[in-house]
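**Q** Chains as they are written, first to last, in my numbering: chain A, 1 to 347; chain B, 1001 to 1328; chain C, 2001 to 2591.
Treat the hints as calculated values from the structure; they're not laboratory data.
Hints should not be assumed to be uniformly reliable.
To be verified - With a straight-line Cα cutoff of 30 Å, these simulated DSS-like cross-link-like pairs (lysine-lysine) come out:
1. A:Lys174 x B:Lys1149
2. C:Lys2544 x C:Lys2227
3. C:Lys2173 x C:Lys2025
4. A:Lys174 x B:Lys1085
5. B:Lys1016 x A:Lys86
6. A:Lys84 x C:Lys2421
7. B:Lys1149 x A:Lys9
8. B:Lys1144 x A:Lys174
9. B:Lys1144 x A:Lys9
10. A:Lys86 x C:Lys2173
11. A:Lys89 x C:Lys2421
12. A:Lys15 x B:Lys1149
13. A:Lys123 x C:Lys2227
14. C:Lys2334 x A:Lys123
15. A:Lys123 x C:Lys2173
Model, not experiment: these values are computed from the prediction.
Residue-level listing of the chains:
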Amino acid sequence: MIINPETRKRWQRFKSLRRGYFSLLLMGAMIFASLFAELWINNRALLVVHQGHIYLPTYGDFLPGTTFGENYDWETNYRALAEKIKIEKNGDFILMPLIPYNPFENDFIEGEYPPYAPSAHNKHYLGTDTSGRDILARLVYGFRIAILFSLFLLAISYTAGISIGALMGYFGGKFDLITQRIIEILSNIPGLYVIMIIASIVTPSFWSLALLLAAFSWMGLTWYMRTETYREVNREYVTAAHSLGASHLRIITHHILPNTIAILITFFPFSVAAGITALTSLDYLGFGLPAPTPSWGELLQQGTDNLEYQWITASAVTALSLVLILVNFIGEAVREAFDPKTHTFYE
Amino acid sequence: MTDLLLDIQNLHKSFKISNGLFKKSSTLRAVIDVSLSLKQGETLGIVGESGCGKSTLAKTICRLYEADSGRIIFNGQDISRSQNKAMSHLRKNIQYVFQDPNESLNPRHSIHSILAEPLIIHGEKKSGIDTRIHSILDKVGLPKSALTKFPHEFSGGQKQRIGIARALMLNPKVLICDEPVSALDVSVQSQIINLLLELQRDLGLGIVFIAHDLAVVKHVSDRVAVMYLGKIVEQAAASEIYQTPQHPYTQHLIRSIPRPVIGSPSYSPLPGEVPSPLEIHQGCAFAERCHMATRECHQTVPALLTSDNDHKVACHHRLIAKQQWIPL
Amino acid sequence: MRYIGLLLLVISSLVNAAALPKNLKWESNNSAPLWASPAAEKGGTFTDFILSFPPTLRVVGPDSNSSFRGFINANQLSLTSFHPNTLEILPELATEWAYGKDNKTVYYHLDKNARWSDGVPVTADDYLFTMTFMRSKFINAPWYNNYYTEQIVNVTKYDDYTISVTGAVARPKEELHYYYGLQPTPKHFHTLDDNWVKNYNWKIEPNTGPYQITDVKNGKEIIFERKENWWAKDNRYFKNRFNVDRVVIKVIRDMNIAYKYFEKGEIDTFNMLQPDLWHDKAKGRLYDSGYIEKFVFYNDAPRSSSGFFLNMNDPTLADQNVRSALAYALNFDKVTQTVLRNDYERLEQFHSGYGEYSNPDIKPKPFDLNLANQLLDTAGWTTRNGEGIREKNGKPLTLTITYGNKEHTDRLVVLRQDARKAGIDIELQLLDPSAQYKTIMQKQHQIAMLGWSTGFRPDYWQHFHSANAHKPQTNNVTNTDDKEMDKMISDYDTETSREKRIALAHQLEQKIMVMGAFIPSWKTTYTRGAHWRWIHLPDVPGTKTGDSLYSVFGDGLLWIDKKDKIDTMAARKNQGSKNPVTKVFEQYKVK
């Protein structure tokens, strides 16, 4: 794959901006860690050796208690099993993840009422929420859901925005005029309120909420794409492609898009932040994903309803701030890497 | 007639310019009743000042614009209205070389990509592509190392070679070159011109060479056509045009060629300017500026008539003009 | 000639007017103990809140059964009422009453002073109109149509201020007043036609009680004001009650935000049955300084029928084994001990707290995972998928609980976790309260989490009779359609003997438990809350049968000390001297 030297230069420039570059690395590490959250925050053990057989319960079907000699046939309580193995020393071996809780379990302490303060002894390093669920688990799994949601949202709205914007710029004329009017009308509908109304009548799912949000946010990119496409269409290399017999589709995808969308990468980090914020806001208001989905917005809501238990609000606010700050650093660095002033050639 | 590569008959092309919401739109007549022909291995030069409609004519021949009326016949086939498969056939045979090498190459495509594109569009097999690219690179005098580079890494002349190479990829029979050297340094111009002539010899191409510089056209063409405000005013063999121009405009153009001879009288330019192509002319379009214009010239449009030796002129007073001409 | 005319007139009036039976023993009660405080002062504005703006101001017809209706009903008086502590019959719109020998009819002398809020006198015609109104198809209220045909059979006018009401079944005296106690309906106000429902959505109906609506700010608040010359203000049992001049009901959609308003002094009182409110929020400087006081009042009243209502029209829930399994898979005790801080008790039956009518032996299904698993195996949900959820024909056992109060989420997520062990996947669907109510009234839910308000005696017909099944806008939200149940209900409704009725009620409770479409959740045996100290209450601040200390329209016992309010609002920003006030009243505690 031949990489355009201009692209290479931009990447070098980005890498040279240490703050943005390290933010990207850190963000990438966080996303990677959350994708494999089951390996380090989970109530399922990583490895159990029972009577000579090896079990890897993390991924895959649940293992009933009877598998390990317990007398119940619903999912094994691995923490209790770990205690049992420690005491009985019967040759079995169990390896639990770093944080042995999943984001849904209600872990109640006899005689005390939740929420419980952070405690290394209980391995609730950030404490629990009002239903006794581990906060760190809910943060990490919630982060995963928020990032995937945001990326999925991005994929849809960018694809729609880029395609329609490019078509508007390329074909112009009546198609452009009519589509512009439609976009103007759609842009004026207060999307967040409509989503809230819909969500109070029908509880949305992950996919339906993403599609709903995408329906109100795809318009943003069309303006940029339209102007850029208009400009490119009149350039001679497009006429040259025509003279070679290229189809409209080929001209748009091979010639116009590569020359216009490079700069969209500068929007990308901010769109990701916007997606995370949108989901968090909706969850905070109660119009987002249904309980008991782990969500930063829901954690924030619990926190503000119970300000006296500071660890709930503190965790949610810190996590959200960290992610948004990182994203902003990345976005700034990308923008600077694309700054044309350092790339103009004079002949 | 049958061995004519390109036969263009009575081509018309005009554009509607909108004058806002409430005024009637004006018509810009860019190409008016143009008839030309091109033989295999022959170069036809088209000359004229800016705005005379040369580029429009070139693009119309190539079907980049759709003609209003008239016919374009390639190798005996009428391609004025062809679509789809026939259009594809057309594209393979008639190729265009652009004026500005900086603009006509996609800055984000590598040279390999640019050269491979015509073949990919027309469905060539991958294995054949690289072989063909290498052979064409050879022909235009570019090294293989150019393939992985990008347009901005080359000089103007090299870029134009790439443009020419791209045009040759599909093995066309006709090359339409729209002012291919106007944007280049003088020292590079002759290189490119010689390249074109070489290619013509090698591949038997028919070339339509469009320029505003008579000196350049003379060097390259077998036949020359002179355009003024969308019409062909004179058409003849290259030598004839330069030695015995018979149209006042052509004569003016030739006299205007700067000559580095000490003591030669400097030539005073024509009065007035080239009128706007939006204006509708009754009579000869050149009449306003012509020193021998009569009332007839202002009232009747002169037809393009053959005088002798396949020399066509559109002037009421062509014989007088012919006689008045003092060769340089 | 004149005499003949006069004679004809007399004869005709005799023929048209019904005749009162002879030997009626007219009764009244003007010596029952008073329960309001003589220290009460009139005046001030009382501010309270509701979670959702009512969908209509009508009291019958579609969407009328919202919580706001209680405020409107409280201001419509009846012929007689029950003493909240001794349960004696007290006069209200009637001054005296007498019983017919058939034990089905009660005769009433109407109070000639009674006026509608627009000044029109309340007369016998308004009671006749009630029958016309409630039987009319234009009000679109099938339960009322039925009740005022099958249960209240006839109303007779003897003169403008004497009527009788006849019911379907002979009953003990106090039940006659409860079941056949009629309210007048303003004849001059209602036009009954096809557009009645639409036209009367936001009309303010004239009433006979102490307060009337004076302002409706759509979506935001509703304001009541006490009538200046309320016709009954000097009646024996109304003296020293209904003391505040103005009541503002604001719409605040979130409980926690409403609580913040309370702490700012913009809401006067706050009911705190919710454990987290009472234990976590009701503390701090304002409480320590005594600016806000806390009361706990044990009562002995019918408990709200609260819990999970399973829609038996749903194919999964049509199977009784599945319904029972769900009940055995819900760990209510775990929730009670943790999220609810042991403040609540488990509700054991549909009608709890109804005295002898409640079944003393009945117990709800306990938490028993083995039983739950066995029942689900029997029901054919034998295989478990990768996540441990049971499947049948490739479909997982997913049940959706529709609820309207976000404060319940904490309880539901705990129940959900343990239910997974039985292989049941519970999905939680939180809707806006109005949206939830609409969904349930349309019978589009799978499981509804609800609590019904209480009555005088257990009532089964509206909730469990097949006549109300498989149709929208009825309270049979389980779609119970069982012939045996229907028979038991009609027996109960028509039985005259008190002992036999009690026995039938007990059997019905047992049948409801076995059928399993209703899973009872929790009850409270007290009411508690906090109030700013300018709100004063009598020495015994509540009543035996009252369900709130701060019922400004129902009991109407509280009054505002205006000077104290000014002083407290000024002082509240400062740290006062330590003087926390928490009082517990156990007079009426059920042993």
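**Q** Honestly, which of those hints from before does the structure not fit?
**A** 1, 5, 8, 10, 13 and 15
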